[in-house]
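Visitor: Chains as they are written, first to last, in this note's numbering: chain A, 1 to 218; chain B, 1001 to 1553; chain C, 2001 to 2269.
Hints are computed from structural coordinates only; laboratory data are not their basis. From a predicted model like this one, the values you see are computed outputs, not experimental measurements. Treat the hints with caution; some may be incorrect.
No farther apart than 27 Å at their CA atoms in a straight line, the calculated lysine-lysine pairs in the DSS-like style are these [unchecked claim]:
(1) A:Lys-165 / A:Lys-22
(2) A:Lys-85 / A:Lys-152
(3) A:Lys-110 / C:Lys-2212
(4) A:Lys-170 / A:Lys-37
(5) C:Lys-2156 / B:Lys-1547
(6) B:Lys-1079 / B:Lys-1097
(7) B:Lys-1547 / C:Lys-2135
(8) A:Lys-161 / A:Lys-189
(9) B:Lys-1159 / B:Lys-1079
(10) C:Lys-2047 / C:Lys-2212
(11) A:Lys-2 / C:Lys-2135
(12) C:Lys-2213 / A:Lys-2
(13) A:Lys-106 / A:Lys-2
(14) A:Lys-102 / A:Lys-165
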Amino acid sequence: MKRFFHSELDTLKSQLILMGEKASAALRKSARALSEKDLDLAEKVIAEDDAIDDLEIQIDREATRYLTLRSPVASDLRLITVAIKASHDLERVGDEARNIAKRTRKMILKKGAIGDTLYIPEMAIMAEEMLRDAFQCFIASDAERASAVLSKDEEVDALNKANFKDFIHKAKNDPESINLYLDLIFISKSLERIADHATNLAEEVIFLTTAVETRHQN
Amino acid sequence: MQLDPNTVSHNRNKGETLVWLSASGLGLALLMVLFLLGLILVEGVQVFWPRDLVLLELQPETDSLAGQRPFLAGSIVEKPGNPGTGSGEWKLMVGNKDLYGTAYRFVPEQAILGRRPAEDLVVAERVEYGKAIFFPLHLITPSGERIEAGDPHFWKDFKASIDDVRSRFLAIQDLERNRIGALNRKIHSLERTRRHLLRQQRDGIEVDPRHLEDIEISRDALEEQFQELAAEVTRLRREQEAGSIHYRLASGQEQTQPLGNLLDVYRPNRMNVFQKGAFFLERIRIFLTGTPREANTEGGIFPAIFGTFVMTVLMSAAVMPFGVLAAIYLREYARQGLFVKFVRIGVNNLAGVPSIVYGVFGLGFFVYFLGGTIDQLFFSRDLPNATFGGGGILWASLTLALMTVPVVIVATEEALASVPRGSREASLASGASRWQTIERIVLPAAAPGILTGLILAMARGAGEVAPLMLVGVVKLAPDLPLDATFPFIHLERKFMHLGFHIYDLGFQSPDSESARPMVFATTLLLILLVIVLNLGAILLRNHLRAKYKTSTF
Amino acid sequence: MMAASQQPDLPDGPPDPAGRDYIRLQDYSFFYGANQALDTLSFSIPKEQVTALIGPSGCGKSTLIRSINRMNDLVEDVRHEGDILISGESVFHPHIEVISLRKRIGMVFQESNPFPKSIYENVIYSLRVSGVRRKSELDEVVERSLRAAALWDEVKDRLYENAFTLSGGQMQRLCIARAIANEPEIILMDEPCSALDPIATGRIEDLIYELKKHYTIVIVTHNMQQAARVSDRTAFLYMGRLIEYGETESLFISPRIPQTEAYITGRFG
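Only chain A is shown next, with the shape it has when bound in the complex:
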């Protein structure tokens, strides 16, 4: 039996998917802006972050309304809590993407050249994959594939650590460009944060579909 208000959950779900699309698009665009030194694209990413923030508010309000009026339980209730948390994670992803775009804009405007970005493009690709996977699992309610996302997070962490070590090393050799390397370190850190949010999303999908808690297990 489907109750008259169950369709409201579908609306919420599709809004969440839309937000995920927007967040991963922001990530993709900011990475491209960095690698192609595209100032316009970086500006675009910065401007589009407001839409993601609005979606977060919308999803939160819709979830609260549903909690208040429909008294959901079990999977419906998990979906609502996941929606609130996921919208928060995605808003953070959007923010990190905007940060990357901002730093890219700063580097382009100051130096015109960025130099070697080391593993950053690779990290961007991996983080985007993680986001996409987490979302596909959300759409397909697939907990198994979501677990795969968790293992990727460690690779991204390792790349971030390697980046950090190399950029420090380069900065020591080239103290003039210390600001450039700091920006690159922060971009790497942002990508690592995005991967963390993707991991959170994956954990939330696992909780949503299996009701099993996977956070802070080690």
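Given chain A's structure and the hints, the job is docking chains B and C onto it.
Guide: Relative to chain A, chains B and C alone:
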């Protein structure tokens, strides 16, 4: 909360005592009812069973029956001990009331010398004087032939003659009671009309002379028919005089009876159990369908059954609408206040008024006032002969209806009160008026409860005697309240009633010993009739309950 | 402290063309003998929406709903002040006959109370008492009403069976079918689900959601989740007074009156 175990067990014991007490009260009541019913059942049923006859030889000096031989024949009614040794008395049904003066005799056991073979003893049911118990000597058939008792054809011929006699007897009864009665009534009615017209003529009112002529012509025709029937009756009666039976009693007296006096003969000691069974059923049939004879101690009691039935049905028909409408007004329409409370108390107290008071009221109001008024208005030509101005089944039914109306009102009120409020509200909220709600929802749902009230009212009404004696019951009513003469229903007629019949037989009969078995049989029948009426109402109630079931539980 | 009852949504005057004041209470008070059950209520119930009345027992919810179709007339020793208007016409107006008023207003009660008759006869009861006899018309009404009450598929093969063979939830839907058989404008529901299990309750709630497309529904409920689920507007009554009245969502998420907050959060009394 802490429970003191002593208190608990003490309370439980106290409770158990009360349970036992109430249980034994119920047991006692049940025992008494069962004993009463058992007694009535046993005594009532064995009235119809052909009991074996005994022939007793007595010590010569004890015989006070003015017979020549110290013998006595009869069926044993009570037998406390053995012959010769006991100190009690045997009670015998000896019949032959015409010669012995009484049909029952007590014989001291000391005086009984012994039992003798009694194979040839014959019991005869007679038109008068009850049963005769005798040894047949010889038979003179209607054709004048003499057959000795020893003749092998004797019993067959005797039985055959008696069968003829009986069918003639029934034919005479039918002629006298039904056909001549109907003719008489017609002639009577024509005569009344004629006298009425003549009176009008004398008073100067124009009367069509042809009308008078017509009446006289048809009256003459009826008179002619009457004469024919009367002649037929005389012929049959003369035929009944032909033939006779000569017999000797056990005590030695010899007697000759015309065959026309006998209705049935049988030899109980020669009957096997099946013959006895068939005889038993036949007697019950006669009892249920026949009319009473011999001051009600013989024959059947059909008029009383019919009278009781019709009266109860009429009473129900009168009490139902009256009581139900009163209860509906009290419960559904009247403003619940002090006045309604007083009315309710009044109604409840009416149930406690002695029934004879209702009889007096019925006599005064229904018979004298209502009946008298009706006679004045519609039957003035018959005055001073009362039509409705005397007791009759209608007035008796109405009197009983009045007596039982509190029962119906109380039961109906309770049934109405138990109809769920939700049903009423749903009906009203659907746009039904108050009356529509009562008619379509409340009454059907209350019907089982209302019928319970009717059952109680019927049980009380059918068993009531005292008020009826004042308003229309008689010990012998030749005409039933329903018959084939126009207008078929004669509510003004007096009627017979089982309850009154019991009273009359038991306490008013000149021969109470002979009436005793009939008292039991009639009581049994009255109880059965009440049970049948109640069962009918209960079946109807269960049917309604199933139909208007208001709960799935 | 008692918060002042809210002002009516719309001021006095001619009926609102949008039907926002379809049922309008004007300073309506109600008394059982010397006890005042409703205290100068003034608010409007919009057309083709679900309005829920909530509040603790004895707050006057049922009295209010029963005032709309004048079921309170049946109680002895009662009186009222003020007025109730439906489409601008007073229900107490002398020329309004109470029977025709009740034909315009269907009612569903707390305990499902079908009549001890067949399912078919139950549905057409209001037509029967109005004297409708045409079989084809009755058949049509039965099918339409039972379909609208989402019961047709379950009972279409046993229309002539006793209504008491149905389950509790089916009986209540039958009562709803009976209430809408006459095509009323308003359906009053007095705690329609309080005797039902959650599944049956869910069905009734879904049905209410469907019915509000064509009918104006006023529902009394003890169950605040239910009020939140089914209603568009909610009125909170306490001790015969209207404490707060507004959009269900805002009343439940951010009530303006502390008493409402206390009641709906369970911190009451």
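Visitor: Each hint should be assessed against the structure and marked as holding or not.
Guide: Tested hints:
Simply put, A:Lys-165 and A:Lys-22 have alpha-carbon atoms about 32 Å apart, too far for the 27 Å limit, and the pair is violated. Taking the CA atoms of A:Lys-85 and A:Lys-152, the gap is about 21 Å. The hint holds against a cut of 27 Å. About 64 Å separates the Cα atoms of A:Lys-110 and C:Lys-2212, which puts this hinted pair outside 27 Å; it is violated. A hinted pair counts as satisfied when its Cα atoms are at most 27 Å apart, and A:Lys-170 with A:Lys-37 qualifies at roughly 21 Å.
Pair hint C:Lys-2156 plus B:Lys-1547 holds up; C-alpha atoms about 21 Å apart against a cutoff of 27 Å. With a C-alpha separation of about 21 Å, the suggested pairing of B:Lys-1079 with B:Lys-1097 holds against the 27 Å cut-off. The suggested pairing of B:Lys-1547 with C:Lys-2135 holds, with an alpha-carbon distance near 23 Å, which does not exceed 27 Å. Proximity of A:Lys-161 to A:Lys-189 is assessed by CA-CA distance (about 9 Å); at most 27 Å being required, the pair is judged to hold.
In summary, the hint linking B:Lys-1159 to B:Lys-1079 is not supported, as the alpha carbons are separated by about 32 Å, beyond the 27 Å threshold. Annotation: proposed proximity of C:Lys-2047 to C:Lys-2212 holds, straight-line Cα distance about 9 Å (limit 27 Å). Distance restraint check for A:Lys-2 and C:Lys-2135: the Cα-Cα separation of roughly 36 Å exceeds the 27 Å cut-off, and the hinted pair is therefore not satisfied. Distance restraint check for C:Lys-2213 and A:Lys-2: the Cα-Cα separation of roughly 19 Å lies within the 27 Å cut-off, and the hinted pair is therefore satisfied.
For the hint linking A:Lys-106 to A:Lys-2, the alpha-carbon distance of about 53 Å lies beyond 27 Å, and the restraint is violated. At roughly 23 Å between alpha-carbon atoms, A:Lys-102 and A:Lys-165 fall within 27 Å of each other, so this suggested pair holds.
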